[in-house]
Amino acid sequence: MEKGYKNLVFFFGAIALITFIGFYKKYFSLAPDFPGLKIIHHFHAALLITWLGLLIVQPILIATHKIKIHKLLGKLSYFLVPIAFISMLLAYHNQYLRFISEGQSESFVLSFVFAPATDAIPFVILYLLAILNKHETPKHMRYMITTGIVIGGPGLGRIFMTWMDMDIFMAIQIQFLFQLITFISLIIYDRIHKKSFGINPYTIAFSIWLIPNILIMFFPNTTLWQGIAKWIVNYF
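Just so you know, my numbering puts 209 at position 208 of the sequence shown, and the rest follows in order with no gaps.
What you were told as hints is all true, and nothing was included just to trick you.
Keeping only pairs whose Cα atoms sit at most 25 Å apart, straight-line, the calculated SDA-like set for lysine to any residue is:
id : residue 1 : residue 2
1  : K7        : K135
2  : K195      : L130
3  : K140      : I68
4  : K195      : I185
5  : K135      : A64
6  : K67       : F12
7  : K27       : W164
8  : K72       : E137
9  : K7        : F21
10 : K27       : I84
11 : K140      : H66
12 : K7        : K140
13 : K67       : F11
14 : K195      : F184
15 : K67       : L77
16 : K27       : T163
17 : K39       : S102
18 : K231      : F109
19 : K67       : Y79
20 : K72       : K135
21 : K39       : I50
22 : K39       : M162
23 : K27       : Y93
Label-pair distances were calculated between CB atoms; the ranges are:
id : residue 1 : residue 2 : range
24 : I68       : M218      : 36 to 46 Å
25 : M165      : A47       : 23 to 33 Å
26 : A47       : Y190      : 28 to 38 Å
Bear in mind the hints are in silico, worked out from the structure with no lab data behind them. Yeah, the Cβ is synthetic: ideal placement off N, Cα and C, and Gly gets one too.
Turn these sequences into a full structure, and let the hints steer you where they fit.
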């Protein structure tokens with residue numbers, strides 16, 4: 002493992018802690034009865050907790066030279082990630098149905114259909130890039146790091162909403178800013194340390210994450226997206 006990444010476990014641990022704090026009031030504090038929550042919430046939580054746990058454990062296994070276990074857990078992720086992705090879509094679908102039951106306008110609900118493009122889809126793409134580069138450790142590691150940045154976003158946003166009483170729009174903007182700074186900092190770190198790649202994995206990951214997170218500011222309200230979203234909800 003590269004010298005600058007020997008304490009990677011603390012980075013992933015921080016993401017897990019942020020997620021726990023962010024979802025504490027609305028999820029973890031409701032144990033053991035979890036009033037008002039559905040099976041999909043527990044299913045989604047269990048899978049994302051497992052993924053965060055995997056991100057924490059894998060660097061430890063590398064540092065302690067337990068490569069066989071690291072590879073075994075890596076193969077288990079082939080099953081975990083697709084199911085986690087489905088759970089993310091189901092969680093979004095549950096929120097979509099809630100908006101409908103609350104009587105939200107059709108344009109608002111159709112705009113919301115774009116939401117998975119900001120985290121669920123980038124998460125899967127970055128994971129696939131990590132797997133495709135599993136034999137190139139520096140690239141593999143960087144793509145895995147960026148999956149953590151993407152997954153950690155919702156927890157961070159909820160800290161601002163549930164602990165600081167910010168409205169959802171302000172919370173999302175600050176969440177976006179923190180993620181933006183994290184990506185840029187990692188890109189700058191590699192430039193300072195002269196890491197040589199054709200195209201830096203962080204730059205690729207940043208683009209994959211940034212594009213939909215910029216588009217969501219205006220594209221979901223366009224006639225084009227409203228038509229696409231209507232087709233999606235009618236056929237899926």
